[in-house]
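So you can see what is in the structure, the chains are spelled out below.
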Amino acid sequence: KQEVTQIPAALSVPEGENLVLNCSFTDSAIYNLQWFRQDPGKGLTSLLLIQSSQREQTSGRLNASLDKSSGRSTLYIAASQPGDSATYLCAVRRGGLSGGYNKLIFGAGTRLAVHP
Amino acid sequence: NAGVTQTPKFQVLKTGQSMTLQCAQDMNHEYMSWYRQDPGMGLRLIHYSVGAGITDQGEVPNGYNVSRSTTEDFPLRLLSAAPSQTSVYFCASSRKGGGLLETQYFGPGTRLLVL
Chain E
159 KQEVTQIPAA
169 LSVPEGENLV
179 LNCSFTDSAI
189 YNLQWFRQDP
199 GKGLTSLLLI
209 QSSQREQTSG
219 RLNASLDKSS
229 GRSTLYIAAS
239 QPGDSATYLC
249 AVRRGGLSGG
259 YNKLIFGAGT
269 RLAVHP
Chain W
23 NAGVTQTPKF
33 QVLKTGQSMT
43 LQCAQDMNHE
53 YMSWYRQDPG
63 MGLRLIHYSV
73 GAGITDQGEV
83 PNGYNVSRST
93 TEDFPLRLLS
103 AAPSQTSVYF
113 CASSRKGGGL
123 LETQYFGPGT
133 RLLVL
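As given, the protein sequences belong to chains E and W, one line each in that order.
Okay, so the first sequence: first residue is 159 according to our numbering, each after it adds one.
Okay, so the second sequence: first residue is 23 according to our numbering, each after it adds one.
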């Protein structure tokens, strides 16, 4: 059974720091991995999607890497800002036919606070 | 585009009551799904649909029903509410197909309290 773990559960950093959020999964047979951002009382916003054949994806100050063999992904946030404060969740899609429904298994998230 | 919309935003029910959580999307997405989010846990899939008239169970389907009569709407029904169903419910949609098309779009959520 696929399990997704995110460590740490919470993180508080001063503004300007570069930081890394970790995601690990138990079954390496994944189709893709997604990172989401969730603001308090709001829904999830997709940040990055990495296909199983890719090693990393970048969007602005965000960089996500994927190492399938070790069952790990990291989300790197450069020059953090108070506006980055949110909960970050990772989710993996199980391997299988690309035409099938994209069931996601979520981690519990890392709650990030960036203080001025 | 409004994206994915959910109503109501907040609901209080008594044990045994029934209700329907509404979800609609205006992006013509084939796939729609319902998740619940509980404290300290990741989102868990309740039911999903790959197109109008087609639904299937996720990880935690017991106590919930769904139907999909149109591409746009995917309501979630609680048949007889129980305190264990107190949670935040999210609806999501995505395109059919691989690659970046699989990016899921989430609604703002419905916070449900069952007394």
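No lab work stands behind these hints, which were simulated from the structure alone.
Some hints could be false.
To be verified - Under 10 Å between C-beta atoms, here's a sample of chain E residues computed to sit facing chain W:
| # | residue |
| --- | --- |
| 1 | Ile-165 |
| 2 | Leu-169 |
| 3 | Val-171 |
| 4 | Ala-187 |
| 5 | Tyr-189 |
| 6 | Gln-196 |
| 7 | Tyr-234 |
| 8 | Ala-237 |
| 9 | Cys-248 |
| 10 | Ala-249 |
| 11 | Gly-267 |
| 12 | Ala-271 |
Unchecked claim - The list that follows gives simulated cross-link-like pairs (lysine to aspartate or glutamate, DMTMM-like), each with its CA atoms no further than 20 Å apart:
| # | chain 1 | residue 1 | chain 2 | residue 2 |
| --- | --- | --- | --- | --- |
| 13 | E | Lys-200 | W | Glu-52 |
| 14 | W | Lys-31 | W | Asp-95 |
| 15 | E | Lys-261 | W | Glu-52 |
| 16 | E | Lys-261 | W | Asp-60 |
| 17 | E | Lys-200 | W | Asp-78 |
| 18 | E | Lys-159 | W | Glu-52 |
| 19 | W | Lys-31 | E | Glu-173 |
If you're wondering where the values come from, they're calculated on a predicted model, not measured in any experiment.
Idealized CB from N, CA, C, for every residue including glycine.
Have a go at the E:Tyr-234 hint: is there a Cβ in chain W nearer than 10 Å to its own Cβ? violated (20 Å)
Hey, does the E:Leu-169 contact hint survive, CB to chain W under 10 Å? The hint is violated - E:Leu-169 has no Cβ within 10 Å of chain W, the shortest such distance being about 16 Å.
Should the hint that E:Ala-237 touches chain W count as held when the rule is a Cβ pair under 10 Å? violated (25 Å)
When you check the alpha-carbon spacing of W:Lys-31 and W:Asp-95, does it fall within 20 Å? holds (17 Å)
The hint names E:Cys-248 as touching chain W; please verify it with the least Cβ-Cβ distance against 10 Å. Holds - the Cβ of E:Cys-248 comes within 10 Å of chain W, reaching about 9 Å at its closest.
Hinted contact E:Ala-187 with chain W - closest CB pair below 10 Å: Check failed: Cβ of E:Ala-187 comes no nearer than 16 Å to chain W, outside 10 Å.
Just to be careful, I want the Cα atoms of E:Lys-261 and W:Glu-52 compared with a cutoff of 20 Å; is the pair within it? This hinted pair holds, its Cα atoms lying about 14 Å apart.
Has the given pair, E:Lys-159 with W:Glu-52, been kept, meaning a C-alpha gap of at most 20 Å? Answer violated: E:Lys-159 to W:Glu-52 is near 27 Å, above 20 Å.
Hint validity - E:Gly-267 Cβ closer than 10 Å to any chain W Cβ: It holds, given that the least Cβ distance between E:Gly-267 and chain W is near 7 Å, below 10 Å.
Once the shortest beta carbon distance from E:Ala-249 to chain W is found, is it less than 10 Å? E:Ala-249 check passes; min Cβ-Cβ to chain W is 7 Å, inside 10 Å.
Hint check: is the beta carbon of E:Val-171 less than 10 Å from a beta carbon of chain W? This hint is violated: E:Val-171 lies away from chain W, its Cβ roughly 22 Å from the closest one there, beyond 10 Å.
Hint check, E:Ala-271 versus chain W [nearest Cβ-Cβ separation less than 10 Å]: This hint is violated: E:Ala-271 lies away from chain W, its Cβ roughly 17 Å from the closest one there, beyond 10 Å.
Hint compliance for this structure: hints 1, 2, 3, 4, 7, 8, 12, 13, 17, 18, 19 are not met, and every other hint is.
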